Structures are given as C-alpha cells and as structure tokens.
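If you're matching positions, the sequence shown starts at 1 in my numbering and goes up one per residue.
Treat the hints with care, as some may be off.
Stated by the list, open to error - For lysine-lysine, the following DSS-like pairs were computed, each having C-alpha atoms within a straight-line distance of at most 30 Å:
#1 Lys91 with Lys46
#2 Lys101 with Lys91
#3 Lys61 with Lys101
#4 Lys56 with Lys101
#5 Lys46 with Lys56
#6 Lys80 with Lys61
#7 Lys56 with Lys91
#8 Lys61 with Lys91
#9 Lys80 with Lys125
#10 Lys56 with Lys125
#11 Lys125 with Lys101
#12 Lys80 with Lys101
#13 Lys46 with Lys125
#14 Lys125 with Lys61
#15 Lys56 with Lys80
#16 Lys91 with Lys125
#17 Lys61 with Lys46
#18 Lys46 with Lys101
#19 Lys46 with Lys80
Hints are computed from structural coordinates only; laboratory data are not their basis.
Note that the coordinates shown come from a computational prediction; the quantities given were computed from them, not determined experimentally.
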Amino acid sequence: MKSERLKCKQALARRILFSPLALVLAAGVLLAGFASHSNVVSTNPKAGATLTSVPKQMVFKFSDGIIDRGTTFTFTDRTKMYYPPLRFRSKGTTVRVSLPKSPAPGPITVYYRVLSADGHPVQGKVEMTYAPAGANAS
C-alpha cells in the first residue's frame, strides 16, 4: 500500500515538474518561428551585376512572406536622383519589382524596406551597374 502511495506521489511530482518545463519549451519553439525576420535570399539580377540593359522587373526572393502594406522599393542612379516609389507584386516569398526604363548609366541601387510576416521591418539595398553599349558611365 505504501509503495503504491509513493508511486502516485512520484508520478504527481513528475507531472508538476515537467508540465511547466514542457510549456516553456513549446513556447520557445513557437516564438523562435515568430522571431525570424524575412531576409533576402536572392535577387535577379544579382547584387553586383553589370547590366547592358535594364530589365522590366527585378525579382526578390525572401526567406519568409512579406506584408505588402508598409513595403516600399525605391531606385537611384548615378545622379543620386530618387525615382518615384517602384510598383511591386508579391506572391508568397517572391516579389516582382518594376524598374525604371532609362536610368543614367553607372551605378544603380534598388533600396527596399519590407515588413516581415511577423510585422518587423527589414531594409537593405541591391547595388548594380548599368553599362549600356557605347554609354559613358562616369
């Protein structure tokens, strides 16, 4: 009889000890997923590329989805002139950004500020060079 009581007390003690621990571990796993911000995985054209023509669109691939509201893409060329905010379409982790037709030859930069699916802003830039045939990129 005593050994049965002891077993019951030990089982209850294990439940009391391990239940909070299990909750903390489960919460940590869930929160780790929410804490990860969306990062750029790749772009096309790639950062550092030299372009002889500017494509109609630039494709960004993110590690997680983004929230369209609050997301912006901007563009500068060697004149440091900012073009109007660029139009974009997002689907899942892919964002297609419309690029200006005729920037000045030389360095061009696409700046981005996106909202991760967790609501945190992520920003950065992709720098390339526009070098059309016969143009002086000074």
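Hint-by-hint comparison with the structure:
1. Under the criterion of a C-alpha separation no larger than 30 Å, the hint pairing lysine 91 with lysine 46 is consistent with the structure, at around 20 Å.
2. In summary, the hint linking lysine 101 to lysine 91 is supported, as the alpha carbons are separated by about 24 Å, within the 30 Å threshold.
3. Straight-line distance between C-alpha atoms of lysine 61 and lysine 101 comes to about 22 Å, which keeps the hinted pair within the 30 Å bound.
4. Restraint check for lysine 56 and lysine 101: satisfied, since their Cα atoms lie roughly 7 Å apart, inside the 30 Å limit.
5. Restraint check for lysine 46 and lysine 56: satisfied, since their Cα atoms lie roughly 15 Å apart, inside the 30 Å limit.
6. With a C-alpha separation of about 26 Å, the suggested pairing of lysine 80 with lysine 61 holds against the 30 Å cut-off.
7. At roughly 18 Å between alpha-carbon atoms, lysine 56 and lysine 91 fall within 30 Å of each other, so this suggested pair holds.
8. Distance restraint check for lysine 61 and lysine 91: the Cα-Cα separation of roughly 10 Å lies within the 30 Å cut-off, and the hinted pair is therefore satisfied.
9. Taking the CA atoms of lysine 80 and lysine 125, the gap is about 14 Å. The hint holds against a cut of 30 Å.
10. Between lysine 56 and lysine 125 the alpha-carbon distance is near 18 Å, which keeps this suggested pair within the 30 Å criterion.
11. For the hint linking lysine 125 to lysine 101, the alpha-carbon distance of about 19 Å falls within 30 Å, and the restraint holds.
12. Straight-line distance between C-alpha atoms of lysine 80 and lysine 101 comes to about 16 Å, which keeps the hinted pair within the 30 Å bound.
13. Annotation: proposed proximity of lysine 46 to lysine 125 holds, straight-line Cα distance about 11 Å (limit 30 Å).
14. At roughly 14 Å between alpha-carbon atoms, lysine 125 and lysine 61 fall within 30 Å of each other, so this suggested pair holds.
15. Pair hint lysine 56 plus lysine 80 holds up; C-alpha atoms about 20 Å apart against a cutoff of 30 Å.
16. A threshold of 30 Å between alpha carbons decides the hint, and for lysine 91 with lysine 125 the separation of about 20 Å falls inside it, so the pair holds.
17. Taken as a hint, the lysine 61 and lysine 46 pair is honoured in the structure, with Cα atoms around 11 Å apart against an allowance of 30 Å.
18. Under the criterion of a C-alpha separation no larger than 30 Å, the hint pairing lysine 46 with lysine 101 is consistent with the structure, at around 18 Å.
19. Between the alpha carbons of lysine 46 and lysine 80 the distance comes to roughly 21 Å, so the proposed pair stays at or under 30 Å and holds.
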